[in-house]
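Take these sequences, add in the hints, and give me the full structure.
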Amino acid sequence: MTEAAGKRTMTLNMGPQHPATHGVLRVELELDGETVVKATPHIGYLHTGIEKNAESKLYYKVIPMTDRMDYLAPMSNNLGYCLAVEKLLELEMPEKVIYARVLLTELTRIASHLVWVGTHALDIGAMSMLLYAFREREMILDIYEACSGQRMMSTYFRIGGLAYDLPDDFDRKVRNILKVLPDRIKDYERLLTDNKIFRKRTIGVAYISAEDAVNCGLTGPTLRGSGVNYDVRKTNPYCGYDKFQFVVPLGENGDVYDRYLIRMEEMRQSLRIVQQALDGMPAGPFRVHAPGIVLPPKEDVLSKMESLIFHFKIITEGFKPPKGAVYQAIESPKGELGYYISSDGTNMPHRMRVRPPSFVNLSALPKMIEGRLVADVIAAIGSIDIVLGEVDR
Amino acid sequence: MEDKLREFFKTVFPDAVIREDFFRNQLSFYIRKEYLFDICKSLQKHPDFAFNFLSDICSLDWLDNPEAADGRFEVIYNLFSLKNRYRFFLKVRLSNEKPEIDSLTYLWHTADWLEREVYDLMGIIFIGHPDLQKIVTPDELEGFPLRKDFPLTYEVPQFSYNKDEPPELIL
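Line by line, the protein sequences are chains A and B. Count along the first sequence from 1, then add 9; that gives the number in this note's numbering. Count along the second sequence from 1, then add 406; that gives the number in this note's numbering.
Hints may be right or wrong, so weigh each one.
Unchecked claim - What the simulated footprint calls covered on chain B by chain A, stretch by stretch (three residues with Cβ under 8 Å from a Cβ of chain A suffice, anywhere in the stretch; the number is not a length): (1) 422–433; (2) 478–488; (3) 498–510; (4) 539–550.
Hints in this document: simulated from the structure, not taken from any laboratory. Cβ coordinates follow ideal geometry from the N, Cα and C atoms, glycine included.
Here you go:
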């Protein structure tokens, strides 16, 4: 407690072991009674140096590290990196790869939003949501497991396609989700949307105006909650998103409640995209044919000399993209996830920069909570939807 | 859009652009560092361009590379226009001796943390930044990890009995 010039404020450290900070975030709060006078987020407890690490790895060896940034949306991270390297190499993907990637990243968006709705509701007092949301997320993780053999760190997308072909019962499993999930989302909304306590805790809380939101560089549902229409899938379509029909939901009030409504609607729109991608899924190869860059099919490696040589060379030496730098942005569940890859003509990236949506969104936290009550801090942190693995990298 | 931008630089800031680069459909301008703030300011408020969204600031180290002739460090500003849905890059080269550049925190709140991260990891000083301190690495860490001369596989021992004789570097 400090007492200076008749003004009494108290400094309170929230975190880094606070359950509602969703990881190891520390917020230094200066309180006057119950009002937050000043908030300073401290990050870096989870800094793993992924950007530095990537500089000493062959291009394809970076993919498993991208999973570990936003560990709730591994496929989105893979997609951003693979697209960036493919842009550098000027590779065109076969139709099946495009459809499978879109389908899986949209499922990832649903999984990430499910975790968000569960934990956010838990933070502000609705316990049962967590159990329901994780039940549905399990169905999506089952699909990850069927595809890649891993539930969470899938590393399923590769430069030039997919790691393996889609599994046999993929269609059935996804259709099951499409059948079950719309009703379940309705159930969640029945639990939350008109819930008196939930509305009291969220409406008008952590308000940010559209102008401020753009100035703070917010992206994703946090930006769209303020009514700014920016979704990378629509503004700069990548990976064939222009072929799919969906609506980008927009909020009006820029508060926690609007961000919640947007994420719920986004889950529905993602289901729409999944439906279209599943119905339109073409047959064909799951990897592009690019000798020297993309691994040849396994049966060729075992039967043809040239394929064996290429396989060996890619695994040991990698490939050398031309000199230059590219930036590829995708719409991850959290916002604009960008990869800036600079190549100096060797087989490792000269520099890989990740534009992390959580990091930039978190920097707007003081703007949202200063002058408000301490209890709103929890709701605000939840509504930004941060993953500390991505904030710190 | 590319031509409009070229025209803008030619008329409003004729001395600012050193060279331009068009790679994989992405336009970037290498500019002199003195002009950075003014260019960003006029692009942000420009009624036609409206580059009101600073997506990212990142940095490169060109140590031991022929590119380093123009300056060892490169700071990249990633500007996006929500109105035109257009993205381009401003790149500034900084010398090894004086890696300093004007801060953009007066124009964009985003620049605050992004510049702190670049300072923390690459050691570039942003003049005019209100609170330029480390953000992701621990306070005890010396050096700037993303520089190419920062060792990759060696960790600075913080609590080691042989701190005065650190183990041999493995590069």
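How the hints compare with the structure:
{"no.": "1", "hint": "422–433", "verdict": "holds (count 3)"}
{"no.": "2", "hint": "478–488", "verdict": "holds (count 3)"}
{"no.": "3", "hint": "498–510", "verdict": "violated (count 0)"}
{"no.": "4", "hint": "539–550", "verdict": "holds (count 5)"}
Hint 3 from the list above is the single one not met by this structure.
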